[in-house]
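S.K.: Here is what each chain is made of, one letter per residue.
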Amino acid sequence: MKRRLFVASLTASGLVACGPVKSQLTTSLHDTLAGAENLNHAVLGTRGMAHLYSEADIDRDFRVNGLNTPTDTRYATAARDNFGGYRLVVDGLADKPQAFTLAELRALPLQTQITRHDCVEGWSAIGKWRGVPLATVLAMVQPQAGARYVFFHCFDKDDQGTEYYESLDLHEAAHPQTLLSLDLNDRALDYDHGAPVRLRVPTQLGYKSAKWVRRIELAAAFPAQSKGGYWEDQGYEWYAGI
Amino acid sequence: MTETPAPGEKVYRHSIAARVTHWSWALAMLVLVMSGLQIFNAAPYLDASDKSDPAHRVLSFDAQTAPGGAPAGTTTLFGHRFTTTHVLGYTDDGMGGEEARAFPGAITLPAEQDLADGRVWHLFFGWVLTISIVIYLVAGAIRKDLRELILRPSDLPKLLPMQLYYFRLRKEPPPHGTYNPLQKAAYTVVLFVFVPLIVLTGLALSPGFDAITGPLIQLFGGRQFARTWHFTLMALLIGYFLTHMVLVFSTGAWNNLKSMVTGWYRLKDHDGVGV
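In order, the protein sequences belong to chains A and B. Once you know that position 52 of the first sequence is 51 in numbering that gives the first Met the number 0, the rest is easy, because the numbers rise by one and skip nothing. Once you know that position 274 of the second sequence is 273 in numbering that gives the first Met the number 0, the rest is easy, because the numbers rise by one and skip nothing.
FYI, nobody ran anything at the bench for these hints, they're computed from the structure. Virtual Cβ for every residue (Gly too), placed ideally from N, Cα, C. A couple of the hints might just be wrong.
As the list claims (entries may be wrong) - According to the in silico footprint, chain B covers these stretches of chain A (three or more CB under 8 Å from chain B):
#1 32-39
#2 199-213
#3 218-229
Unchecked claim - Looking from chain A toward chain B, a few residues come up when the C-beta cut is under 7 Å (computed):
#4 Leu-43
#5 Leu-51
#6 Ala-55
#7 Arg-59
#8 Ala-146
#9 Phe-150
#10 Gly-234
#11 Gly-240
#12 Ile-241
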């Protein structure tokens, strides 16, 4: 490992000295540098618990960021009658795939957590989240032995029509603070904050906490061409604990 | 070997581990500062609080356009506002134009605004820095040359005379070992305070690290405060680097540079030769 680091740092010094060199060199250099993600994942991983704050710490006007709130027919249809027609589909490599109504989700044991949301951009906000631990829902659908990842498919799309999605491995998904949140700051999630269901992963950066979740899929691997999420496909790390 | 080497003689001063890690550390610091400024640009403000809070803002960069006027960049430090157009706030976008951004493309890595790439550089070279420092300290402890540069209580009374000598208010430096008391003070603070703290405050920005270390982040005043400390420590290390450059170049640049490549240093008048 030391040798690889040293060789890479020599390559990097060459790049800094020569200015932007766009070629295969930059691609292979980028891949080498991005290899630190595996090291960070192995060293930090998902351990311990996110700090729990008090009511006084809450940002009542919780910052809105990310893709625009969806306005298309699919979301509008789901949102009608207070999301009466919404179903959270949980399927893929599961023995008992299910589609949950909001009422069914709310009937499950709920957890409340006041945790800090850390954006990859560098800012943070504190919110009071209430929802169903993801582990509860996963246990109900009974993941198959081959399932390794949990994918979250969302209603929002970017300007090119690319859908937002995210993923966690089963270990991260089973963390007791990983939540399918339904409420923020004592009120049902509003449209801008991801209604009706937003993933909440307080042990990782904010882009993991996908808004407007419509389907949860258990999978054995990433789909072809996928790096595991919308931002991951644009060069951000899949392991977002750092 | 009991004879004291005289001025003009060469002494072997820097071990191979010290020389290699000196340069890998220097490269890592350069990449970390440039990629760090790139990352900073994504949220160009610093708060003295746990969560982001404009009421506790210490430093911020903004761009605004007066009606019918040209865009202006401003820097606000402790509530004092300065116009810094073309330098900070509204500046070089790294692609030949200008845009609203805190630090210019000339000193960020990559030059154009690209948070994802900035993070890739930063998170890799954070390891290069950490591994370099650990190797340097372990090798220095084994070879026992580390103790020549650690500041001791007996050095404290010599700090002022040494400073007076630098100001040419005193003819002779106080007697000292391989490194003079001010050098020892600088190296000790950098190695044992600044560098460990900049690594820790950087790690404290990551939710995965905070979940493991629990109350550590509260020691820094929370996440945004840790980000402010991280930035401040960068400024202090740049200050150390500039001082280091002035002294390297004013005390025999070639001899100093060569010794950090070959290990061999030619003694000058007043040079200490080990305690």
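S.K.: Quick one: which hint numbers does this structure break? Sort them smallest to largest.
M.R.: 3, 5, 6, 7, 8 and 9
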